[in-house]
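Here the sequence shown stands for residues -22 to -1, 1 to 456, where the numbers follow mature numbering (1 follows the signal peptide of the UniProt record, and there is no 0).
Hints may be right or wrong, so weigh each one.
The calculated label-pair distances, taken between Cβ atoms and stated as ranges, are [claimed, not checked]:
#1 446 - 369: 43 to 53 Å
#2 323 - 428: 35 to 45 Å
#3 219 - 383: 18 to 28 Å
It is worth saying that the hints were derived from the structure and are not from the lab. Keep in mind it's a predicted model, so treat the numbers as computed, not measured. Using N, Cα and C, we set each Cβ at its ideal position, and we do this for glycine too.
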Amino acid sequence: MKKYILKIILVVVVFMHTTSCTDLLDANVYSELDPQSNSEEIIMSTLYNAYSSAQLRYYSGGLTRFYVSAMCSGENWNEGGAIAARLNPLRSFTWASNHHDLGTSWNACYQGIRDANTLLENVGEETDPFKKLVRAEATFIRGWCYVVLYDLFGPVPLRTSTLDNPELAKATDDEMKMQIEKDMLQAIQSLPDEPVEYGRASKGAAMGILCKFYLNTKQWQKVVELSQAIIDMGKYDLLQNYKDVFAIANEGNKELLWALARTASGASGNSGGGTYLQAITFPTDYPLASNQSVYAAKTYFYDDFLDSFEEGDERAELFVRDYINTSGNHIQLYGNDKSLTLKYEFDPDAVGPANGNDMPEVRYSDILLSRAEALNELNGPTQKSVDLINEVRIRAGVSVRTLADFPSKEAMRSALLKEREWEFYAEAKGRQDQIRQGVFISRAQERGITVAKAHHVLFPIPLSEMNANSNIEQNPGY
């Protein structure tokens, strides 16, 4: 039961956050804790606030995290429901600075940064184990929030103190990279091997996030070194069955370095602590348990993606290609670009549309494929990279590759992107993978999106921030 404590607390905190639509700039910003700040209860309350933003910063039950990647990378398409007004601009590359999901992502990250800075300024650097741990976790949270902001918007204002000018200019690209690296390296030094509570940070979580940050910023040698350090820990491994990685009963399994904790309990409307992916994926006539409900929105996978899997690939078994609806009629999905995914199973303890599936951010298979990619970028195809790829493929139940399959660096790069698509679909990786490999814009244009231009690799700074901060410049092209 203990591992669910943090998840329950997060739901309460997020409910408090989301019962108001007040902008971050209008929120109370605390530069000091209560005068009795030595109280562990007060310190932990602030830390949980920071985690609620870091874990649940994508409001609407995690939909933003999924959709921002899935829709603009061409992984999915949607129809129906009020949410279409948010999703269609992502699919058509017509998003603007007032897009709902950009503003909520920005605000949630800066809420986490604000609370982390409050802790770092008020919890002393004593050798006391409790305070040392709090500082390590606060540093992790700040670094993680900046990783997310950098991924979406590029360089942003770097707030490392609650006393910073509220109208800061954007940092340079080098300043962003150095701050993120500094925070994560400091966190790695002090975080425990095992999280104190389920959903809190560990050494492996910080190492995994930093490794992926190095990958997405093409710091290949650092990827090679850090991925090896993660492997050498001996703590993480692939589960035998792909499906089990995402099972609710397996939360916190040995393949997960960092996941965003979710729980259906106590969720409220579309802004609680649950995962709502099932609710905006499955049709209203799909047979459900009595405690489950879905929305009018539906999310589909294209036939050509399902066709791309090799025969026998266990990763392809988590799609619903047809079903018998509640009226007893056979509904054919595959063949109409309407296949659904059950990668995230229905939660038996769901509360209406809210399910308790955690959202994986860094898995061990990602570390293996990241290492293979970095080695290829440095040295071209080698047996080391092939072996890493095969570890993932063997678990999936498909044939192994040989070095002869990769006649060039470009051939292995292309194969790795395809392998990542099979391995990480519905995990919000497509956009950043395509950007890193330089195909994000060209693929959109191939889908007929003629308005897709080079500047679309970043989103615009949210309109609310542009209106509030006279010193910030909008990203190019917007």
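Practice problem: Go ahead and decide if the range 35 to 45 Å is satisfied by the Cβ distance of residue 323 to residue 428. | Solution: 39 Å Cβ-Cβ, so the 35 to 45 Å window holds.
Checklist line | Distance restraint hint 43 to 53 Å, applied to the beta-carbon atoms of residue 446 and residue 369 | finding: holds (48 Å)
Given the range 18 to 28 Å, decide if the beta-carbon distance of residue 219 to residue 383 lies inside it. holds (26 Å)
Violation of the numbered hints given earlier is absent; every hint is satisfied by the structure.
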